[in-house]
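With the hints as constraints, model all of the structure from the sequences given.
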Amino acid sequence: MNRQMRNTLVSASPIVLLLLLWYCLTASHAVSPVFLPSPGHTLEAFFSLLSASFFREELLPSLIRICGAFLISVAIALPLGVLAGQAETVARLALPLCGFTRYLPVAALVPLCILWFGIGDAQKIAVITIGVVFQLTLLLTADSAAVPKELIEAGRTFGLSRGELIWRIVLPCAMPRMWDDLRIAAGWAWSYLILAELVAGNRGIGYFIIQSQRYLDTDQVFAGILFVGLLGLLTDYLFRLSGSRMFRWE
Amino acid sequence: MMASDVLLQFENASKSFVSSKGHSVVALHEISLSIRRGEFVTMIGPSGCGKSTLLRLAAGLELATSGNVLYDGIPVTAPGQERGFVFQSYSAFPWLTIRENVGFGLSNAQRGSETEVSRWLQLMGLDEFADAYPKVLSGGMRQRLALARSMIVQPKLLLLDEPFGALDEHTRENMQQLLLRVVADSGCTVLFVTHDIREAVLLGDRVVVLSSRPGRVLRDVASSLSKPRGREHIRTPEFASLYETILDELPE
Numbered sequence: 001m002n003r004q005m006r007n008t009l010v011s012a013s014p015i016v017l018l019l020l021l022w023y024c025l026t027a028s029h030a031v032s033p034v035f036l037p038s039p040g041h042t043l044e045a046f047f048s049l050l051s052a053s054f055f056r057e058e059l060l061p062s063l064i065r066i067c068g069a070f071l072i073s074v075a076i077a078l079p080l081g082v083l084a085g086q087a088e089t090v091a092r093l094a095l096p097l098c099g100f101t102r103y104l105p106v107a108a109l110v111p112l113c114i115l116w117f118g119i120g121d122a123q124k125i126a127v128i129t130i131g132v133v134f135q136l137t138l139l140l141t142a143d144s145a146a147v148p149k150e151l152i153e154a155g156r157t158f159g160l161s162r163g164e165l166i167w168r169i170v171l172p173c174a175m176p177r178m179w180d181d182l183r184i185a186a187g188w189a190w191s192y193l194i195l196a197e198l199v200a201g202n203r204g205i206g207y208f209i210i211q212s213q214r215y216l217d218t219d220q221v222f223a224g225i226l227f228v229g230l231l232g233l234l235t236d237y238l239f240r241l242s243g244s245r246m247f248r249w250e
Numbered sequence: 001m002m003a004s005d006v007l008l009q010f011e012n013a014s015k016s017f018v019s020s021k022g023h024s025v026v027a028l029h030e031i032s033l034s035i036r037r038g039e040f041v042t043m044i045g046p047s048g049c050g051k052s053t054l055l056r057l058a059a060g061l062e063l064a065t066s067g068n069v070l071y072d073g074i075p076v077t078a079p080g081q082e083r084g085f086v087f088q089s090y091s092a093f094p095w096l097t098i099r100e101n102v103g104f105g106l107s108n109a110q111r112g113s114e115t116e117v118s119r120w121l122q123l124m125g126l127d128e129f130a131d132a133y134p135k136v137l138s139g140g141m142r143q144r145l146a147l148a149r150s151m152i153v154q155p156k157l158l159l160l161d162e163p164f165g166a167l168d169e170h171t172r173e174n175m176q177q178l179l180l181r182v183v184a185d186s187g188c189t190v191l192f193v194t195h196d197i198r199e200a201v202l203l204g205d206r207v208v209v210l211s212s213r214p215g216r217v218l219r220d221v222a223s224s225l226s227k228p229r230g231r232e233h234i235r236t237p238e239f240a241s242l243y244e245t246i247l248d249e250l251p252e
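Heads up: the protein sequence lines correspond to chains A and B, in order.
Here our numbering is used: the first residue of the first sequence is 1, the next is one more, and so on.
Here our numbering is used: the first residue of the second sequence is 1, the next is one more, and so on.
No incorrect hints appear here.
Lysine-lysine pairs mimicking DSSO-like chemistry, simulated, CA-CA at most 30 Å apart: (1) A/K149 / B/K21; (2) A/K149 / B/K156; (3) B/K227 / B/K156; (4) A/K149 / B/K135.
These are calculated hints, taken from the structure and not from any lab test.
In structure tokens, the structure reads:
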């Protein structure tokens, strides 16, 4: 057995063990399916999700919300972070606020968001944006500040203005790390989306999960969670793939 | 000496920094120095004597605390294309290809005509790597790239901060010859900082010796070596005597 195979086996063993435990618990009827559906039923429920109506009724609203909120977050955090990493005044203005707000528990802000924005898309977008934008700004600031000073000075010796330095040196130089931080932020966005939809729902994957729970369709709950997990994984993969395509110089 | 002969002039220029503990540290003390058009001036001094700071004042990357730095008779307030700079550390832009790096300082209109970029790539022996990224280049090649990137915009003054300090002996000698050739072709004025006496003597029309911190001009030696310079000069008695003079002047 070669090294790679052994490593794969080691990595897979806890997952297999967990699945096995799950199977044993349900097959022996030690736990009622209302609390824990069998792996088979979960899988069945998962495949039953893959239908046009589920995509239209639940997935599409969720996707619109997460994409909207993510775009808003990036539109705020990217310029702010890039500038804060390079200009001390911007850093002084923005960073203490971000440092404080990122410790506010987002879950506790959900009631406020409902009060202010109702229970529609605006509330979901607000929860995700609040959860993502402050932390993302801090990450992007660090990326911008990490651009080597020599490269900026090299640009200055060509008589570039501050705007040109940002556009021609800071942005392209920091972009690979920023892309990686956007990938991480996308993961947070999925969590906050589901949180917002669980609490105040009318359609969306989170709403589907909470509705299934209300009707004790626990296999559907499991399937919904699995679905979100796979979407997160897919997002991550797409970010990595596009990153490695775009930043060949790394 | 007519004023218009002078391209770069330091008039009692001093530079101090504020340390992290709030103390003021004097890096350069009342430097007065004139560099004429077309001169190749090398500058040598113990490490930490403010050689690099002096170059950065000329470039406009830093501003003098007191006194004046005049370029072409006008006080230096910011960097500009007419004053090229080659850094000690490798400063190639890693996200651009070698070709794009060389053309970085050209305006969009100039970049349209690829001929100038190609000429410099060929001159520097970088043409076969033109479309690769700088990560594949050796130390010597990176400094050739940096030299090409600075020279392509036709600076009137070229400032070099220990550009060959990190290179091995053989590569350094080749780079010295390449620099002399490029500078002679372009007719630009050079201020070259080094900590290597041999390099200072071999390259300079004048060798300026700085004291240890705070840097002051200790000695300004005109070279008696003939031009063009080559490795053969190293074995001449003039070289040996200049070398001795500089060595005696350098503080411990």
